[in-house]
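A.B. asks: Sequence:
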Amino acid sequence: MNVSLSSLERLLHRYTIEPTTKPFDARSVPVEAVPIEQPKDISIGVGLPRPGIESKTNREDTYGEQVSAIPEFAHLGPIFKSSLPVDLTESEVEYVVRCIKHIFSHYIVFQFEDIEITVSDHVQKVLKPNWSASWEENGAENEREDTYTLSIPTLEECGKKIINYMEMQACERSDKIPEGKASHALYLAGVYRGEHDVLVRAKMALGGTTVDPGAQAITMQLTIRSTDGSAVQVIASAVE
1 MNVSLSSLER
11 LLHRYTIEPT
21 TKPFDARSVP
31 VEAVPIEQPK
41 DISIGVGLPR
51 PGIESKTNRE
61 DTYGEQVSAI
71 PEFAHLGPIF
81 KSSLPVDLTE
91 SEVEYVVRCI
101 KHIFSHYIVF
111 QFEDIEITVS
121 DHVQKVLKPN
131 WSASWEENGA
141 ENEREDTYTL
151 SIPTLEECGK
161 KIINYMEMQA
171 CERSDKIPEG
181 KASHALYLAG
191 VYRGEHDVLV
201 RAKMALGGTT
211 VDPGAQAITM
221 QLTIRSTDGS
231 AVQVIASAVE
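Its first residue numbered 1, the sequence shown is counted upward by one per residue in the working numbering.
The hints are simulated quantities; they were obtained by calculation from the structure and are not laboratory data. Don't take every hint at face value.
[Unchecked claim] As a list, the in silico SDA-like pairs of lysine to any residue whose alpha-carbon atoms are at most 20 Å apart:
no.: 1; residue 1: K125; residue 2: V191
no.: 2; residue 1: K176; residue 2: A140
no.: 3; residue 1: K125; residue 2: A217
no.: 4; residue 1: K161; residue 2: K81
no.: 5; residue 1: K125; residue 2: R173
no.: 6; residue 1: K161; residue 2: R98
no.: 7; residue 1: K181; residue 2: G194
no.: 8; residue 1: K176; residue 2: Y165
no.: 9; residue 1: K160; residue 2: A217
no.: 10; residue 1: K181; residue 2: A205
no.: 11; residue 1: K181; residue 2: A140
no.: 12; residue 1: K160; residue 2: L206
no.: 13; residue 1: K160; residue 2: S174
no.: 14; residue 1: K128; residue 2: A140
no.: 15; residue 1: K160; residue 2: A140
no.: 16; residue 1: K81; residue 2: E92
no.: 17; residue 1: K22; residue 2: R98
no.: 18; residue 1: K81; residue 2: Q66
no.: 19; residue 1: K161; residue 2: L222
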């Protein structure tokens, strides 16, 4: 049998560790592609390798090892077939996105290029007309407070970066920072996935210390309150 030895070894190992009463089926092992000798072209000069000769079995073996190494996908079993990368965008655009389709016996996994999940993906903006009252109503049961030193030269730039990073709604016109101030408080409101209210208070003050003594920095005291404790931890850990 012309089978992939690496696939056979992986399937036999999985068969020995998983409880089953069925006999091992050798037909489930991918067949190693046997190269067929093609008539040689008569040409003069340096020959170039023919495109598209990549071994399909080697591709499945490589992707299979990568996918099975992810704990959440380990139970899917061996890959039946993996596609070549498919372009999801035009090749002329600035950012090109590709997808690889992994076909299992009972599942299909779509592998996209790496993306980053940020705190803003978990939160939607919401306007609180009376932010202070909402802050007191929420209470300190689910609260976390941390202090940071940021290498940012102005309070205005610091406020913009916090709002853009969290994508929460600035309330009580706290996003308007008058010139010449040495300190300011930013009040933000949002809804965490699961319909949990989240409130953030960022107290900023000029004069923090950095590695460069001549550089300006800002000390920020960030306080987070929510109706859900896990929401507080997720947002706080994303800022660190």
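A.B. asks: Each of the hints needs a verdict: does it hold here or not?
C.D. replies: Status of each hint after checking the structure:
1. Straight-line distance between C-alpha atoms of K125 and V191 comes to about 6 Å, which keeps the hinted pair within the 20 Å bound.
2. Between K176 and A140 the CA atoms are separated by roughly 27 Å; this puts the pair beyond 20 Å, and the hint is violated.
3. For the proposed pair K125 and A217, the alpha carbon gap of about 28 Å is over 20 Å, so the pair is violated.
4. Under the criterion of a C-alpha separation no larger than 20 Å, the hint pairing K161 with K81 is inconsistent with the structure, at around 45 Å.
5. Restraint check for K125 and R173: satisfied, since their Cα atoms lie roughly 15 Å apart, inside the 20 Å limit.
6. Note on K161 and R98: the hinted pairing is violated, with a Cα-Cα distance of about 30 Å set against a maximum of 20 Å.
7. Annotation: proposed proximity of K181 to G194 is violated, straight-line Cα distance about 38 Å (limit 20 Å).
8. For a cut-off of 20 Å, the pair hint linking K176 to Y165 stands: about 17 Å separates their Cα positions.
9. The hinted pair formed by K160 and A217 meets the criterion: a straight-line CA distance of about 15 Å does not exceed 20 Å.
10. Under the criterion of a C-alpha separation no larger than 20 Å, the hint pairing K181 with A205 is consistent with the structure, at around 9 Å.
11. Pair hint K181 plus A140 does not hold up; C-alpha atoms about 29 Å apart against a cutoff of 20 Å.
12. For the given pair, K160 sits about 15 Å from L206 by alpha-carbon distance, which is consistent with the 20 Å threshold.
13. Distance restraint check for K160 and S174: the Cα-Cα separation of roughly 11 Å lies within the 20 Å cut-off, and the hinted pair is therefore satisfied.
14. Of the supplied pair hints, the one linking K128 and A140 holds, its CA atoms being roughly 18 Å apart against a limit of 20 Å.
15. Between the alpha carbons of K160 and A140 the distance comes to roughly 26 Å, so the proposed pair goes past 20 Å and is violated.
16. Taking the CA atoms of K81 and E92, the gap is near 29 Å; set against the 20 Å cutoff, the hint is violated.
17. Restraint check: the Cα-Cα separation between K22 and R98 comes to about 38 Å, which exceeds 20 Å; the hinted pair is violated.
18. For the given pair, K81 sits about 14 Å from Q66 by alpha-carbon distance, which is consistent with the 20 Å threshold.
19. Between K161 and L222 the CA atoms are separated by roughly 14 Å; this keeps the pair inside 20 Å, and the hint holds.
The structure shown violates the earlier hints numbered 2, 3, 4, 6, 7, 11, 15, 16 and 17.
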